[in-house]
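Colleague: Residues per chain are reported as follows:
Number of protein chains: 4
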Amino acid sequence: MDIDLNDFSPRTDLALEARELAGGANAQAIPGVESESYNDAGIRITKIDITTEEGARAIGKVPGHYITLEVPALRNKDSDLQDRVATKFAKEFAAFLEKLGIGPNAKVLVIGLGNWNVTPDALGPLVVENIMVTRHYFELMPDQVSPGYRPVSAVAPGVLGTTGIESSEIVQGIVEKSRPDLVIAIDALASRSLDRVNTTIQIADTGIHPGSGIGNKRKGITKQILGIPVVAIGVPTVVYASTIINSAFDLMHKHFEQQKGNTTQILGLLDNLQENERLQLVREVLNPLGHDLLVTPKEIDQFIEDIANIIASGLNSALHEAISTDNVAAYTH
Amino acid sequence: MDIDLNDFSPRTDLALEARELAGGANAQAIPGVESESYNDAGIRITKIDITTEEGARAIGKVPGHYITLEVPALRNKDSDLQDRVATKFAKEFAAFLEKLGIGPNAKVLVIGLGNWNVTPDALGPLVVENIMVTRHYFELMPDQVSPGYRPVSAVAPGVLGTTGIESSEIVQGIVEKSRPDLVIAIDALASRSLDRVNTTIQIADTGIHPGSGIGNKRKGITKQILGIPVVAIGVPTVVYASTIINSAFDLMHKHFEQQKGNTTQILGLLDNLQENERLQLVREVLNPLGHDLLVTPKEIDQFIEDIANIIASGLNSALHEAISTDNVAAYTH
Amino acid sequence: MDIDLNDFSPRTDLALEARELAGGANAQAIPGVESESYNDAGIRITKIDITTEEGARAIGKVPGHYITLEVPALRNKDSDLQDRVATKFAKEFAAFLEKLGIGPNAKVLVIGLGNWNVTPDALGPLVVENIMVTRHYFELMPDQVSPGYRPVSAVAPGVLGTTGIESSEIVQGIVEKSRPDLVIAIDALASRSLDRVNTTIQIADTGIHPGSGIGNKRKGITKQILGIPVVAIGVPTVVYASTIINSAFDLMHKHFEQQKGNTTQILGLLDNLQENERLQLVREVLNPLGHDLLVTPKEIDQFIEDIANIIASGLNSALHEAISTDNVAAYTH
Amino acid sequence: MDIDLNDFSPRTDLALEARELAGGANAQAIPGVESESYNDAGIRITKIDITTEEGARAIGKVPGHYITLEVPALRNKDSDLQDRVATKFAKEFAAFLEKLGIGPNAKVLVIGLGNWNVTPDALGPLVVENIMVTRHYFELMPDQVSPGYRPVSAVAPGVLGTTGIESSEIVQGIVEKSRPDLVIAIDALASRSLDRVNTTIQIADTGIHPGSGIGNKRKGITKQILGIPVVAIGVPTVVYASTIINSAFDLMHKHFEQQKGNTTQILGLLDNLQENERLQLVREVLNPLGHDLLVTPKEIDQFIEDIANIIASGLNSALHEAISTDNVAAYTH
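Sequences listed follow chains F, C, E and H, in order.
Following this note's numbering, the numbering of the first sequence begins with 1 at its first residue and continues without gaps.
Following this note's numbering, the numbering of the second sequence begins with 1 at its first residue and continues without gaps.
Following this note's numbering, the numbering of the third sequence begins with 1 at its first residue and continues without gaps.
Following this note's numbering, the numbering of the fourth sequence begins with 1 at its first residue and continues without gaps.
Next up, chain F with everything else stripped away, as it sits in the complex:
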């Protein structure tokens, strides 16, 4: 993420959180932002469509279609649940591609953004490692490829700090040479809320924009730049210490309200501040002490491996008809 010290926005890459911030409980009422949610056995699916520029401004996200899968129990290392999430993700992803008019033979390039050597930023490279790659068979012996597969390639382009080249430029170069019909870009995100970290998957048809994701990105990976659709898949893996604190103030306020009724001066001087003023204050207080770090749960190694497997399994099933959602987990390691 490009860290802008004058940026006192809520610092979320999730449309879901941006809408909550903008709309509160009655979020449906934001013009140009449509959404629906449902639960399916422990998985909460929310679809948000930002249909107008007005809606985009209101919640601070570019227009497009967003799907979020929230699975709080993912932290419990339940392999049955993981299989169910992979299957659900595969189904939602396949439907998402269909809605975008992307057919079953479209050639796909999967891009794993992020840095191998920084665990919470390694989601993209980890997914790429488990993608079932087939493009070279179509190139080298097209008549021998079994039906039910499409050409899929997969690259982890590294990050600016370790390559010296914008990953956007590397992706452009690879797209021009390998000519896919669709780019799927996987990236680790920042969330507002510690409990969404490693438990939430977002799919969006908006591509990757500068300032989203947790690595250093200055140029986007978008349809406008690449000339082909870009579907982004993101998982929040980190959260700013300051947003943890700020969210805690909210929770405390609500807690006291429920318990004691809406008295004045629940949190004293803090009650008089706007959300953004309060967040600015938290950062002013924390920054001199070096407090305002991006943090991640202690168990990040296991979490990120689990969710990378879920996404890779889901993509392998969604992209290749021959891989059913029953055997979806068999192709990753």
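Just to be clear, a hint being listed does not mean it is correct.
Identical chains share a label here; the pair holds if one copy fits it or two copies do between them.
[As the list claims (entries may be wrong)] Only pairs whose alpha carbons sit at most 27 Å apart, straight line, appear in this in silico DSSO-like list of lysine-lysine:
#1 107 / 47
#2 219 / 107
#3 177 / 107
#4 219 / 254
#5 223 / 99
#6 219 / 177
#7 254 / 177
#8 223 / 77
#9 223 / 177
#10 223 / 107
#11 99 / 47
#12 107 / 91
#13 223 / 91
Read the hints as simulated data drawn from the structure, not as lab findings.
Nothing here was measured: the structure is a model prediction, and the numbers come from that model.
Dock chains C, E and H against chain F, hints included.
Modeller: For chains C, E and H alone, kept in the frame of chain F given last:
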């Protein structure tokens, strides 16, 4: 760490923080707790001696000698500073052994506690990997060992969850067979304060006690159990989300006090609570949401590798006279 | 492996190869050595019992029971075959334990010998990482453990060069503290034949003897030393360059014999040498050039991961009745 | 390497070995092939210039300039020697660039060919990880870059089997977007001789050609394709089992000749065969048994890390004037 859901203590493994909590600014006044501090070019050294049971109860740490090196700038990836910290650590550690009456030929077993596969808990195994091991030369060809070395062995015993055996028991078994004169136990710790994470090293002659460190430890690694002195080296690598929030309340309170004078109701209802009551409240509010995780900075992979190298370099120099503090970094990789 | 420069033995850790060397085609005829073989869908099982000291001397292996599974096709990365081998291994291993009189509730300690950082020597640690460990549940909450499990613990004790302590001593210490009824020791072996590398698994009730395995071992891990049975599981992962060459001479000789009849002077001067003389000659020729290395196939990373998973899956199934051979692969990662 | 089953060539990627094979002792006599050698304290440097197509055909390598550093003692883990080799390599590499007319400000893209997950093929990615990357500073804040540096970028493009895209195409795409003046391509090679594995570095101005290196490459990375010079750096990390055996026949033959004079029938029927006929025979004999693998020394993990550090250190010093050959090792980890 053994997580006790009824434990509303401040959750710090650092004597330094425990003393701050107990004594505030005038910490020197706690009976049975002596301390002194000084700065040396960006490194702050604090020595705390807990000399009585009364002092131990007052700050919640067992009696003994504690040395803390605080180096806030360690986060900046400055390799010159890292070398200086390794040299300083070596010097303090050598003096610490001397004060304990442990001579230059004492046989040493270095124990790296923690879990390879959980990055913030991997400090111990990472240090062990870079220890210059010599015991086998003394056993197999004692007359061919150059002067200036002593017998050093090093083991990473794993954690209960992956071995099924208490690391305390494994260490006891190894001590009984290999007969060292001293055990040095390295462990990752939990801190109260995010800015001490990965920037602070604690040395103590108290051994490792149940409930310290971030792994699962039910039995101690102490002189009482092993029959030989145990020096513990710890680095905080994680912090509870709840203590981040609680510390933020403190900082906010002080911030408003300074700016606006000591008015009533700075933080509303929170002002009326004792520290421990407030922390309990924070946890009650956070726990249902799964918020109260142990968190670690996003850059933990690099941080932990750097500080493991500092400790291993420092130990190699402090334990082997032939390795001077000038070439201290040359023996690690 | 302890490398003895005056050792011109055939350098194999496999009883199967030792018997071949001693007995050639009519191996059955060696007194005190009984064996039988059969094939099961691509897996060749050979059982060798060395029943007398005479037999032991004849083939250079200690008396005991040996089972070998040879699966040449394991190199083809066929996951169905891998599952079948795991299931077959589990069945043979369970029967082996039963024959030794080790019951379903016997407490088991799995020891993974070898060095994490040397890929062809990492078999033991890799297996240990995937063992389903249960001992701590039996210790901490014995009444809550489901039926069908037994107490299993697992430790990778490291190697002499990185710990400074004989792994035999570490194992003794752990056995004395944790009191298992049986030790299962996993180790990487050296083979005579490149085609057995990573395709063969040996089970033996003889324990681990000095000079077997590819690491540095000076002391054994045996019933005599530990006081409890020790079952060894080994997989050849390396072969000496000199034995590759020597085996090639044999193959060439046989090739010419078949093609041209038993003429004199097929391989000139080499024909006049005994096997051991010829091997000595090969080493004399190669050694000055530093040729006589232990080598391993280029694909060792993948091979060793696959075979470690097979062994871990098989052991989990063989040791816990609740884990059937149908779901044997589900407990490893 | 593209494995051609009808390819009975000597399978070496080293010009040095190709010339030996073609010319024997009096190699200087091959028309169109010039060479000179000298020793420098344990490092043997050989420069071979293939100046004509005739010379190229004679030794089976494309025309160009080749420099080889042979350091047999590199296997001994001597860190002083490693530093000397890095310094020597830096010097030779800088002179090589100068001779090619590539100036100190030329923009450089370093390409690390090969596969992270196959240790003997991981040389390229490991070097890239330790390259001092600066291009982004020149792009983002050109006026703040200290003198003595040039724009350097570095990418590991993966291998066809894991990306589905020829690495040649990926490199082309990146070159077109990032516009370097020079590509330096690092690759693991196959050697004829086990004693050159991990002890030899080859520099060549010929680029990377199909069939060289140990990965799967079907398209070249050459000046012709990229439009800019390509300097290749290669280290042999593997050798075919069949070439080990074939070389052993040669050594045996010479050994007997020296000892017993040039008698007839030293190696019987083998003496009557041409080198290529004999190699074909060795493969015929070995192949049915799956013997003819590419093999690598057991200690490959350590060897490849050491030599990757030497190359990265050398390149950092050769490419950035501000990094002297004295501090050459300080920039890698």
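Colleague: So, for every hint listed, does it hold in this structure?
Modeller: Tested hints:
no. : hint      : in the structure
1   : 107 / 47  : within (26 Å within a copy, 47 Å between copies)
2   : 219 / 107 : both (24 Å within a copy, 21 Å between copies)
3   : 177 / 107 : both (13 Å within a copy, 22 Å between copies)
4   : 219 / 254 : neither (40 Å within a copy, 41 Å between copies)
5   : 223 / 99  : within (16 Å within a copy, 44 Å between copies)
6   : 219 / 177 : both (20 Å within a copy, 13 Å between copies)
7   : 254 / 177 : neither (55 Å within a copy, 52 Å between copies)
8   : 223 / 77  : neither (36 Å within a copy, 37 Å between copies)
9   : 223 / 177 : both (16 Å within a copy, 17 Å between copies)
10  : 223 / 107 : within (15 Å within a copy, 30 Å between copies)
11  : 99 / 47   : within (13 Å within a copy, 61 Å between copies)
12  : 107 / 91  : within (19 Å within a copy, 45 Å between copies)
13  : 223 / 91  : within (24 Å within a copy, 46 Å between copies)
Going down the numbered hints, you'll see the structure goes against 4, 7, 8, while the others check out.
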